[in-house]
Amino acid sequence: MSDKTLETQENQEEVLQEIDLIGVDEICAKYAGKKGAVIPVLQQVQEHYGYLSKEMIERIGENINVSPHQLYGVLTFYAQFYTTPRGKYVIRVCRGTACHVKGSGRISEVVKEEFGIGNGETSDDLKFTLEEVSCIGACGMAPVIMINDKTYGNLTPENARAIFREYANKEE
Amino acid sequence: MGEYVVENLEVHVCMGTAGVASGGTEVMEAFRKAFEDAGLPAEVKERNCKVKATGCRGLCARDVLVDIYIPGKEPVTYEHVTAEMVPTIVQEHVVGGEVVAKWAAKKDYYEFYEHQKRYVLKDCGKVDPDSIDDYIAHGGYEAIKKVLKEMTPEQVIEEVKKSGLRGRGGGGFPTGLKWTFCRNSPGDLKYLICNADEGDPGAFMDRSIIEGNPHDVIEGMLIAAYAIGCKEGYIYCRAEYPLAIQRVKRALKVAEERGFLGKNILGTDFEFHLHLKEGAGAFVCGEETALMASIEGERGMPRSRPPFPAVKGLWGKPSNVNNVETFANLPMIILNGADWYASIGTEKSKGTKIFALSGKVKSTGLIEVPMGITVRQLIFEVGGGIPKKRKFKAVQLGGPSGGCLPESLLDTPIDYDSLIAAGAMMGSGGVVVMDETNCMVNVAHFFLTFTQRESCGKCIPCRIGTKTMLDILARITKGQGREGDIELLESLAQDIKVSSLCGLGQTAPNPVLTTIRYFRHEYEAHIKEKRCPGRECTELVKFEVQEDACKKCGICFKVCPVNAITWEKGKVAYIDKSKCVKCRECIVNCPFNAID
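From first to last, the protein sequence lines stand for chains A and B. Position one of the first sequence corresponds to residue 1 (our numbering), numbered consecutively onward. Position one of the second sequence corresponds to residue 173 (our numbering), numbered consecutively onward.
In case anyone wonders, no lab produced these hints; they're calculated from the structure. Only a predicted model underlies this, so the values are computations on that prediction, with no experimental measurement involved. Check the hints yourself; a few may be wrong.
[To be verified] Label pairs and their computed distance ranges (CB to CB):
1. A:Y72 x B:H447: 20 to 28 Å
2. A:K150 x B:N356: 24 to 32 Å
3. A:E166 x B:H447: 37 to 45 Å
Even for Gly, the Cβ is constructed at its ideal location relative to N, Cα and C.
Just chain B, with the same shape it has in the complex (with noise of 0.2 Å):
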């Protein structure tokens, strides 16, 4: 062992939200206390082995995460590391030169990232957050020198346009023009803003940009500055992120004590002060009037447009927002070029976009492919498919905005057009699977109620609208609907669409909209024989074993927490319908689908 010496031994622990929650910080300190214990020699430990925290590398349900890196050897992957773990990966591993297979990552976590093509993300999971150092160290303010020196504003709007970059929050409108418009406002002050706010359910792609490599996002918002003109900017966090909230705040700090934020940045004229705003917790505050309402401390409610914020946004002044993916973009486009980054895509959609994979498919986490990917293509080859055998029912696509695919539209290719034209749309790229124990109804149910909750109630079709919908939707899930529910669905959906007065309203019937659309014979079930077929709106389904259907396993049996259920090997299993306490742990455990 004496003659092992190791040198510049890299540790990376990843310590995004989903890594520390999975007790990242205490296999970071047991690394620590392991290198020690090896006896490995002090100075040896302090100057070159480092044990590093990073951000998100996007696949959060293999955490925690660890990489060794030994100069030399090839790196490994440990993944679902947990403290205990560590004495003997550093004793074999580091020490003895024996990677640990059993804890190695297998060949899934390889073709997770096999599909992807990861630029944006590029250095999460590399890069301490913490440490400007580190993010100078991996080319970080390159883009922004680059700038400064060679290029005048007119120059960085002509190649953002010219890489074709759409804004990532949503709407995809094309980022270039967008800054134009401010740009040619009169005015001598103009404000920046980015909206981290994220309010989406089942999306947290901004979420672990900020985390994962918060000066990214500062590097981006300098060089949009520039080709805009503008001297301040905020950045409109969610409260919920603390831990995003406490990365921007430190790389804030930082970047403004070595130049890069402040006054003559880089020994130039530019000037750009940039501050953190703390959301209150409101979705409608990702519209950007909202958004603006809550910097200047009111109700986030939206207003009407025109004026357009370019014309009179934050304070009565000229103001562009764009959202941190879109920001996260720039320094690439930068320093890569206009003609790389159109390179990537399709025709209308280019570059990247990440995706936050969840539900039910087997690799979740965050994804980044190049547009123009298909819907099978994510959710089969780089999410791996649908667990415990079952059968896929849809995606949800685009959050509360968005709608539901069917298996039919699988092969539908991801760009902003094709989206829209399946009836989906990008949104801020919440993907969410479904299998055939999801109930299409409840989904509807489910975004509506998030949707009627988030409205600011200003205009009436939003405000009455989307809760009158609520209600017929929650009847037809207790086996209250009518005939004539789904029409009325329908026609109440579209009057909501066009008389709305800001995004919320006018998407928020969407899903009911594309769970009609592609699965009105679900709505149908519930109406006409009140059945659910996905067994999940609990009223409607009867709680019990199909013998035929039943393979005799048990774990049903296992699985009852009020133990409802009676079962000897060999036997069909028996449920107790007044022990049952309907929790539907039986049906999404059972893999043969026998209880109905």
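One chain only, chain A, in its complex shape (with noise of 0.2 Å):
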């Protein structure tokens, strides 16, 4: 891990205050007895969360009696998992071939230039985090990113910026 990303973390932690896990007993509660469980437990309790910490999957592993090494090879390997805090606005570039093609390399490079921050990194504000995608699937508007869940298409590195800019500019 890089000095760069223990930092973060420091800044980061202080933001969050503690974390109340009852609502991944109540999560997995739903799941009891059920086969195959191990992904959308992860999934809603990240989705209530924002992230999974080493806590909550311990405390995962408890309630559906699996054990944490288990979990965590099966978080490790899939993209959609996170074991950090993630930015209250995740930007998703797409990497597919249609936006390689038509320049999206360049509006990764934009966030960076806007926030400091490259692939898979969080700004220490938690405001924003980068997230290079490998296709959104909206290939006849590349290149496209994804904001929360909205997605902004035929970008260009200037309209890119505007749009970046209108959202580190919204109240909290």
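These two chains come separately, so use the hints to put the complex back together.
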């Protein structure tokens, strides 16, 4: 882990308050005795808290009787799970083929220029996370990004920058 | 105006992912408001004027698309509609009876559809995906009724075999035959799985089918479940497709309420329970054994075969996996008959195929064409050719498992076997067009970056082999290529192809092999001359204006984001290298290829 990442994590931990794990128990209870519960439980806990902390993973393990090692094995395999907190706005930059040939690499660079974060990183104020994804499936309007669940297409570095600034200036 | 009675008026607003992204929701609201403002009688509006959300019709580049149906008149399509345009359209067209010609779709919009044969997609863009009644009104669930009333499972399989349908997920295995394997496996509990993972970058037909017409997929699965003898089923859908997931969830719930899913379907003994499973972001989960591991809650790693899933699949039970598009073909095969279906396409590839056309082509979007159409027709007739008067360079077919074809192979017919012979493959149907500003080594590097990252790591040829190839390609794009690199890539590629465990590794070298086969000169230019012909590998681009090619138009000056270019009317542009950030905006936008 790089110094930068460690430092960011420390800053972020200060921002976060102590987390109540009761939500984990509630989610796990819905899956009691069901087959193939591991992934949906991880997904829902992550959706509830925004990420999966060590404490949450241990608690899930106790609840559904799966060892934390096994849970880590699963969650590190899939791109969708995060063990560190995520920004309020997750910017997904599509790096699919169509977006690639139409210059989506530059859009990621603009994110870096604006917020100082690279792929997979979250800004210190927990406002933005950059995530390069394989394909959003809106190739007709490449290059494309998603900010949380909203999709923006036909981007240029300049109009992308304007969109990012709009989010940066949003009231908390 | 009082004389003009608007009855049975329908306004359809495109609300696929691209439609919503372009402002579809706002457009729909604006229509609702404009009808109110126009003072159209409230009861008429409520009962007869519908503003209806539909799925994607394929031409995403023109969103937001709006159709206005006024009974007794030709329907009119408007393109690039924004909320601001809506009051004018309602006032002039709906109220005044005059089509707003400047915003109505032009000739090329209709040309895009003219060359297509839309069978699977025929109701996408017409049916409201959230309404089962609308699906039924368009003939939905008639095929499963016919199957349950008139056909034995054996007859259904026979019909599908006779139709010649082959798997649309990429491999092209005969669907009816695959079903037979699972049907003949002993056991009471069998699983039917719909692969809606669609991890291929550049392909989005499965997404559009699910978003546009989810009941069509459910009906296809019912037909397959009845034929094979499955009681339980899963739709495994990418979590990156929130709209698709939302629509499937709703469709499953309503289908169950209406007795199309569950026990005693349509009053018969037939029982089928269907569940949605969200993927978690792993390309390899498109491989069927990996997909099943993922449903079981494990790491999505493929396993060696045999035993095949038809014998031992999900939770050890016989299982059958088909792709979304394959299922969506089934209702019409049943309703129109195998002979009708087999009359479309070529001798060995029947029916139509949906392609996701994107990249450097005028009309990007989803297209459905009969098998056997040539690559040239696909790009230049349906897609309208290459924009900005640039030259065609290559077309990448079949996603990361596919290959790049050059201009000399444009007349290759698109069917499973011809594409394999040319070194590409159907894959899931991604078609990415590239022009002269794209670099083929960079493209190979791009695809291998993807497959290398998505390798599950279980087998060594894929895990270490693709990494080694990627390192070599990276060196070449940075101008550090060495003599012998091309040969080394070729020999590594062959070894990885034959020794990898699953389809991901077995096909990962394809983009590299085809680019070497057809664009070897570009590799050589990188290695020997330290030059990138596509001017995409920035470390090899000089960022200098070629005086003899420059037409002094000033476009580069206007697009440069860091003001590194100086230009005056009638003078050759000049790039200040100390300011240049190598973003390539000037190269991409220069119409004369004057920057090297």
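How the hints compare with the structure:
1. The hint said 20 to 28 Å for the Cβ distance between Y72 (chain A) and H447 (chain B), and at roughly 26 Å that hint holds.
2. For the hinted restraint 24 to 32 Å between K150 (chain A) and N356 (chain B), the CB-CB distance of approximately 48 Å leaves it violated.
3. For E166 (chain A) paired with H447 (chain B), a C-beta distance near 39 Å keeps the hint of 37 to 45 Å intact.
Comparing the model with each numbered hint stated earlier shows that hint 2 is the single one that does not hold.
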